[in-house]
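Visitor: Read off the chains here:
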Amino acid sequence: MECAGSTKPVSENNKASSTTFDPTLAWRLDERVALRDEEFGALAYHYGNRRLVFLKSRPLVELVKVLEDYESASGAIIATVGEGQAGQYEAALARLATSEVIGVR
Amino acid sequence: MSVETQPTLRDRFKLGLQAPICLTWELTYACNLACIHCLSSSGRRDPNELSTAEALALIDEMAELKIFYVNVGGGEPLVRQDFFELLDHAVDRGVGVKFSTNGTRLDKVRAKRLAETEYVDVQISVDGADAATNDAVRGTGSFAAATRAMDNLAEANFGEFKISVVMTRQNIPQIEQFQDLADRYGAQLRLTRLRPSGRGVDTWDQLHPTAVQQRELYAWLLDHPNVLTGDSFFHLSALGESLDGLNLCGAGRVVCLIDPVGDVYACPFVIHDEFKAGNVRDGGGFTSVWRDSELFTSLREPSSAGACASCGSYDACQGGCMAAKFFTGIPLDGPDPECVFGHGETAMASVPVSLRPGPAVDHSSRVPLRLTSSA
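Chains Y and P, in that order, are what the protein sequence lines are. Residue 3 in the UniProt record's numbering sits at position 3 of the first sequence, and the numbers go up by one each step. Residue 329 in the UniProt record's numbering sits at position 329 of the second sequence, and the numbers go up by one each step.
Hints in this document: simulated from the structure, not taken from any laboratory. There could be a bad hint or two in this list.
Stated by the list, open to error - Distance condition first, Cα-Cα at most 25 Å in a straight line; then the derived SDA-like pairs of lysine to any residue:
#1 Y/K65 to P/Q179
#2 P/K66 to Y/E71
#3 Y/K65 to P/Y218
#4 P/K14 to Y/P59
#5 P/K66 to Y/R32
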């Protein structure tokens, strides 16, 4: 039997779109998503759309895990990775919103 | 540490993961077909196959490892009496099941049961778009059986299933017909690469695509990005633009195979002692084979480009498929036998066919089979 991926792995780099992501809103990890920690970051599997998404850094994984503790995504970003890198983490979250790994609470 | 300056995912994956992304589990060597290219030389059940209790425990281990889905094959998985018990347990534990079947036993009752199960994908294998082309490889009556299974899934409102085709010299001209067949059922087409593994050792020379066909296939795949390939044609990425996927041999790094007796191999196409990492019945279970076995550890070490080092396309194709090289007698750091620049043919020419490694495990039936069909 052939290996693989009838699920097409979708990298967080693909399908970039920021139209669905508002960092002033409160977000959370989608409840249909399971995370598996890896050295490079984590794998996120969405049981609903059956997509596998790669979170490509540990700080991004930590950020995603604590999103639900903050009133806004911006607040979570500043508290975890700091204002200096806010832009790129906002972009990363926007991509995760597009693939439904995170959603508005 | 910034998001954008990370090493590429491909580089990270080469070092291995906590658990495989792409785990194939062959439930049984028993099969009621005898396809001439069967990569696991299936036919007869092995008396040492995992029991139901062992299989259930293995599913629990997969769940603990956060293996989100498993590719189930064989042999023919539906031959196992406990198939639905294992399926239900996997789904209950959050291990989605994608299973491949020849369709012969996918009757209306089983189609309905599958339609009622969440997190199950079904792939029906055909190797020709008509009975003549398909049955020449898979056996008389097998095309009719496969399409009957598709009818049953459609009638049960299963939703989108997959039609899985191994690309051969004989069926590449039918590629549009395969797409039509999939469209007719609202199914997803999946095209994968023929490997010289299992009974394919003896038939690959007659079945594998020509160089011209490989180029046609590459162009067609670029035009049809929604067609699934299991990332199996990455050797074609040397032709230019990369095909969708990781473009990497994942053996022992992101991929492995658990065979019906619990042996763990580096990938589904290398059922051979040289690529056996351990057995799930060993003390540490599958987890320790995956994480600590000598073989997998060595596969995760940086590999040299070997004979391909001077080729400008090495970064694109990564030297191609390990299994294809092994069973055609090419050194593992040599070119893929189907290298798009023809280097594989030169490499193969220096190894007499008699010196190619044969399959180490053979469960082929000793007597001709008759299809048992079920409506």
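Visitor: Does each hint fit the structure? Answer for all of them.
Guide: Results of checking the hints against the structure:
1. For the hint pairing Y/K65 with P/Q179, the CA-to-CA distance comes to about 42 Å; that exceeds 25 Å, so the pair is violated.
2. A threshold of 25 Å between alpha carbons decides the hint, and for P/K66 with Y/E71 the separation of about 30 Å lies outside it, so the pair is violated.
3. A hinted pair counts as satisfied when its Cα atoms are at most 25 Å apart, and Y/K65 with P/Y218 does not qualify at roughly 40 Å.
4. A distance of roughly 22 Å separates the Cα atoms of P/K14 and Y/P59; the hinted pair therefore holds under the 25 Å criterion.
5. In summary, the hint linking P/K66 to Y/R32 is supported, as the alpha carbons are separated by about 14 Å, within the 25 Å threshold.
In summary, the structure is inconsistent with hints 1, 2, 3 from the numbered list given earlier, while agreeing with the others.
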